[in-house]
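**Q** Each chain, letter by letter, is given below.
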Amino acid sequence: MNLNYDKASIEIPESWRAKAPIILSAGLIFLVVGMACCFMATSKGGDYTQALKYLTHSYLANFFYVFSFTLGALFFILVQFLTRAGWSSSIRRLAEILMMTIPYLALLFVPILVMLFAGSSALYGWNADPKDMENSVIASKATFFLSKEFFTIRTIAYFTIWILTASWFFRLSRQQDESGDTELSSLRQKWSGPLIMVFALSVSFAAFDWLMSIDADWYSTIFGVYVFSGSMMGFFALMIILCMLLQNAGKVQKLVTVEHFHDMGKFLFGFVMFWSYIAFSQLVLIWYANIPEETFWYQVRLEGGWKAFSYGIILVHFIIPFLFLMSRHIRRSRTLLATGAAWVLFAHWYDMTFLVMPNAGSAEFFPMVGHLLGGVGMLCIFSAIFIQRATGVPLVAMRDPRLPEALSYANPIL
Amino acid sequence: MSEHKPRKSIEKKMPKAFGWMAEYQDENNLLAAARKVRDSGYTKTDAFTPFPVHGIDEALGIKPTILPFIVLCAGFTGLATALLMQWWTNGFDYKYIISGKPFGITPASIPIAFELTVLFSAFTAFLGMIALNSLPKFSNPVFTNPRFDRATNDRFFLFVEATDKYYNRESVKELLGGTHPDSLDEVLEDTTPSTLPQPIILALLLLVVAGLIPGMIILNMRAGFSTAPRFHVFFDMDFQPKKKAQQQTTIFVDGRTMRPQVAGTIARGQLEEQDPFYLGYDPSKLTMSNDSPSVLFVSLQTPADGKPPIAVPPATKDEKTGGQPPATPVVPVLPWIVKLPIEANEDNMKVGKLKFETYCSACHGYGGYGDGLVHKRADALAQGYWLPPTSLHIDRVSKQPVGQIFNTITKGQGKMASYASSLTPKERWSIVLYVRALQRSRNANIDDVPVESRFLLDEDPKPVDPKPESTNSVEVTSK
Numbered sequence: 001m002n003l004n005y006d007k008a009s010i011e012i013p014e015s016w017r018a019k020a021p022i023i024l025s026a027g028l029i030f031l032v033v034g035m036a037c038c039f040m041a042t043s044k045g046g047d048y049t050q051a052l053k054y055l056t057h058s059y060l061a062n063f064f065y066v067f068s069f070t071l072g073a074l075f076f077i078l079v080q081f082l083t084r085a086g087w088s089s090s091i092r093r094l095a096e097i098l099m100m101t102i103p104y105l106a107l108l109f110v111p112i113l114v115m116l117f118a119g120s121s122a123l124y125g126w127n128a129d130p131k132d133m134e135n136s137v138i139a140s141k142a143t144f145f146l147s148k149e150f151f152t153i154r155t156i157a158y159f160t161i162w163i164l165t166a167s168w169f170f171r172l173s174r175q176q177d178e179s180g181d182t183e184l185s186s187l188r189q190k191w192s193g194p195l196i197m198v199f200a201l202s203v204s205f206a207a208f209d210w211l212m213s214i215d216a217d218w219y220s221t222i223f224g225v226y227v228f229s230g231s232m233m234g235f236f237a238l239m240i241i242l243c244m245l246l247q248n249a250g251k252v253q254k255l256v257t258v259e260h261f262h263d264m265g266k267f268l269f270g271f272v273m274f275w276s277y278i279a280f281s282q283l284v285l286i287w288y289a290n291i292p293e294e295t296f297w298y299q300v301r302l303e304g305g306w307k308a309f310s311y312g313i314i315l316v317h318f319i320i321p322f323l324f325l326m327s328r329h330i331r332r333s334r335t336l337l338a339t340g341a342a343w344v345l346f347a348h349w350y351d352m353t354f355l356v357m358p359n360a361g362s363a364e365f366f367p368m369v370g371h372l373l374g375g376v377g378m379l380c381i382f383s384a385i386f387i388q389r390a391t392g393v394p395l396v397a398m399r400d401p402r403l404p405e406a407l408s409y410a411n412p413i414l
Numbered sequence: 415m416s417e418h419k420p421r422k423s424i425e426k427k428m429p430k431a432f433g434w435m436a437e438y439q440d441e442n443n444l445l446a447a448a449r450k451v452r453d454s455g456y457t458k459t460d461a462f463t464p465f466p467v468h469g470i471d472e473a474l475g476i477k478p479t480i481l482p483f484i485v486l487c488a489g490f491t492g493l494a495t496a497l498l499m500q501w502w503t504n505g506f507d508y509k510y511i512i513s514g515k516p517f518g519i520t521p522a523s524i525p526i527a528f529e530l531t532v533l534f535s536a537f538t539a540f541l542g543m544i545a546l547n548s549l550p551k552f553s554n555p556v557f558t559n560p561r562f563d564r565a566t567n568d569r570f571f572l573f574v575e576a577t578d579k580y581y582n583r584e585s586v587k588e589l590l591g592g593t594h595p596d597s598l599d600e601v602l603e604d605t606t607p608s609t610l611p612q613p614i615i616l617a618l619l620l621l622v623v624a625g626l627i628p629g630m631i632i633l634n635m636r637a638g639f640s641t642a643p644r645f646h647v648f649f650d651m652d653f654q655p656k657k658k659a660q661q662q663t664t665i666f667v668d669g670r671t672m673r674p675q676v677a678g679t680i681a682r683g684q685l686e687e688q689d690p691f692y693l694g695y696d697p698s699k700l701t702m703s704n705d706s707p708s709v710l711f712v713s714l715q716t717p718a719d720g721k722p723p724i725a726v727p728p729a730t731k732d733e734k735t736g737g738q739p740p741a742t743p744v745v746p747v748l749p750w751i752v753k754l755p756i757e758a759n760e761d762n763m764k765v766g767k768l769k770f771e772t773y774c775s776a777c778h779g780y781g782g783y784g785d786g787l788v789h790k791r792a793d794a795l796a797q798g799y800w801l802p803p804t805s806l807h808i809d810r811v812s813k814q815p816v817g818q819i820f821n822t823i824t825k826g827q828g829k830m831a832s833y834a835s836s837l838t839p840k841e842r843w844s845i846v847l848y849v850r851a852l853q854r855s856r857n858a859n860i861d862d863v864p865v866e867s868r869f870l871l872d873e874d875p876k877p878v879d880p881k882p883e884s885t886n887s888v889e890v891t892s893k
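Chains as they are written, first to last, in our numbering: chain U, 1 to 414; chain R, 415 to 893.
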């Protein structure tokens with residue numbers, strides 16, 4: 001297969017690369033200022049217990065916010081090969097670059113592990129001395145599962161699984177750029193099935209470990225799916241914005257068509273609905289059974305000033321994006337769709353805040369501003385990592401055997 | 415067949431023409447022709463292809479359907495219907511507490527709202543699609559041309575309707591002719607007679623009349639009277655050669671269909687009627703009693719009047735205080751067993767303590783003084799009408815043989831219900847053991863405490879603890 005194309009049109013824009021250090025520094029500044037804001041606003045006198053709690057929770061929420069995009073990207077790659085999808089061939093490389101940022105983001109998890117080994121229980125209450133956990137159910141059990149050593153082992157295992165999967169898929173994809181060998185596609189198709197099962201389990205358990213165990217007495221078996229649905233939604237929102245920004249910078253203009261935007265919009269809409277379905281499934285069972293050891297999780301989210309915020313998630317995360325993205329005219333308009341995607345990116349941050357922050361304490365203005373700044377900072381750092389990772393990599397897998405299919409298909413007019 | 419009829423009649427009467435239809439070899443020709451026709455301004459066009467052709471809607475200039483908006487409205491209607499219905503039924507018209515949940519719209523209403531939204535949307539999408547396509551349509555004039563049959567096989571057709579506002583017979587013919595079709599035909603009215611053949615009409619009439627028969631029979635039966643016995647469709651199902659309970663039979667001499675048990679049989683569950691372990695008395699010694707069998711029988715039943723029976727004196731000689739005469743002669747002397755059928759060991763004592771504190775202490779109190787929480791609460795509420803639970807330390811109870819205490823737990827007494835369903839016989843005996851220990855602990859002296867445990871008494875300055883912690887160290891004798 002011989003394609004004539006302008007190599008410059010599938011490279012990361014030069015202006016982006018020039019701005020990467022600035023974005024990175026801005027991200028770091030935002031993160032530090034945000035965290036300082038959290039810390040200062042919640043420390044009372046010489047007592048830093050609450051401040052540390054707020055700080056670590058904010059860090060975890062913001063970290064997982066950007067990390068979930070890469071998980072979404074990894075799943076997207078796996079499922080494209082599993083279903084032998086052709087439509088996505090021209091946007092697949094962007095997702096591949098996104099998933100290749102996992103090794104860098106893994107470094108951002110190190111502070112949490114360091115904090116655990118320093119003996120802090122500000123984020124994970126189970127790390128405290130059993131004597132100090134009077135009201136905790138897990139304190140009365142042998143807590144081998146939630147010990148800092150086993151937690152670390154599992155965390156390393158998750159990152160290993162994801163990094164190995166991502167690098168293998170990326171390596172084969174890059175090899176195909178050189179050789180155009182269709183066998184490389186078949187090989188990835190063959191392994192995507194088993195790997196997707198490993199992925200599903202690892203993501204579910206990572207969600208349990210990292211996010212659910214901040215309140216170790218509470219458990220919800222659907223929690224992993226909940227986090228996954230939100231991550232996929234965030235990933236598609238990010239992809240839409242990324243494609244639009246690249247096209248505005250004069251790249252991939254003919255390779256990413258309105259049909260791709262339309263289909264990513266459909267996925268975005270679908271995952272908005274899927275998240276709502278899963279979130280409601282979790283709620284209705286807990287609400288109906290009305291058992292104190294399950295309902296207190298929602299109780300925490302309805303007290304201490306969180307009530308309006310928690311009810312707001314129905315509007316922010318479901319009703320607004322659901323109604324906005326429903327029309328195909330909006331999904332086929334680049335600007336409108338990107339507006340919706342930007343809203344969904346915010347909604348995903350809102351969801352992560354809803355999951356994590358009420359456990360840190362009551363909702364107050366300045367700590368929340370700090371938390372938001374931290375989120376912006378984390379997003380900037382993530383963007384810089386993405387630009388760095390994308391440098392020297394073609395943004396489209398030009399010798400993918402399914403690329404012609406991706407460029408010629410069309411959504412039927414309903 | 416009538417293939418040539420329309421063609422012939424063109425010259426004669428000019429049957430109604432519906433438009434022009436062009437035939438093509440492949441979809442590329444069709445797409446090109448469709449674009450040309452679209453660009454010429456025709457909108458009432460249609461394409462017929464053996465498989466879905468991508469891009470044909472764009473080539474034909476088909477506008478997006480309004481069906482999604484209709485479905486959206488239907489979805490909102492479904493949502494509103496479901497929410498209103500649930501609010502009306504459970505929040506307004508007939509408030510009924512279900513699982514202690516609040517009235518009206520709750521999270522539990524959402525699945526129903528979701529279902530109705532989907533139901534309304536799905537039905538509207540399906541029926542709306544049918545209606546917008548003007549279906550069902552039994553015949554289409556395009557079928558009159560036999561060449562059109564290949565539309566389901568290997569040919570592609572483009573049809574320009576005569577109802578188009580720019581339609582002009584000659585110019586459309588010219589336009590389509592310029593797209594290099596394999597053939598170009600005018601779609602003409604089907605002139606074959608459209609009336610149904612007479613046999614079919616007759617058969618339909620017959621079917622309708624036959625369909626009335628069951629209804630008429632039912633109406634007749636409902637309106638009229640009949641003295642004939644009921645018609646049995648399945649006679650041997652209605653009259654089966656079997657006997658039911660309480661019927662008579664000629665097979666056995668005594669004429670009973672229900673057969674008594676063969677002597678010596680112990681059926682499942684009947685062992686409990688035979689063994690002292692399950693009864694608290696020895697049934698084999700029943701006959702040795704002086705009382706009449708009916709008195710004995712009555713005494714084994716749970717008292718119906720709710721009055722606690724008067725103290726029963728011990729039956730056998732080896733009970734310590736056997737000398738007291740019964741207060742009333744009605745109370746029989748049952749052969750209660752006086753020796754615990756289980757071992758008086760630490761394990762049984764623990765079980766007894768646990769079960770006593772679970773089931774008995776609510777009324778009888780932890781110390782057995784009849785001062786449990788239920789008593790305290792009821793006493794406060796009933797203002798004197800409450801009959802307090804029996805203290806286990808009064809003479810009447812402490813002198814009862816173990817079998818009788820067991821019987822009380824098993825069958826209940828007075829207000830006390832039976833605990834046979836909550837406690838296994840072994841657990842009931844463990845409770846008896848524990849009650850015995852409790853009773854003994856009230857009258858214990860220092861010799862009952864093992865020498866090595868006596869220092870515990872010295873360290874604790876309190877007097878006798880009503881809670882029976884110390885009972886584990888008390889030797890239990892049940893003789």
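Bear in mind the hints are in silico, worked out from the structure with no lab data behind them.
We put the beta carbon where it would ideally sit given N, CA and C, even for glycine.
Some hints here could point you the wrong way.
With a Cα cut of at most 30 Å, we get these calculated DSSO-like pairs of lysine-lysine [stated by the list, open to error]: (1) Lys254/U <-> Lys477/R; (2) Lys515/R <-> Lys458/R; (3) Lys307/U <-> Lys551/R.
Which chain R residues face chain U? A few, computed with CB under 8 Å, are given here [stated by the list, open to error]: (4) Pro464; (5) His468; (6) Leu598; (7) Glu600.
**Q** For a quick check of understanding: which of the numbered hints are violated here, in increasing order?
**A** Hints 2, 3, 4, 6, 7 contradicted; others consistent.
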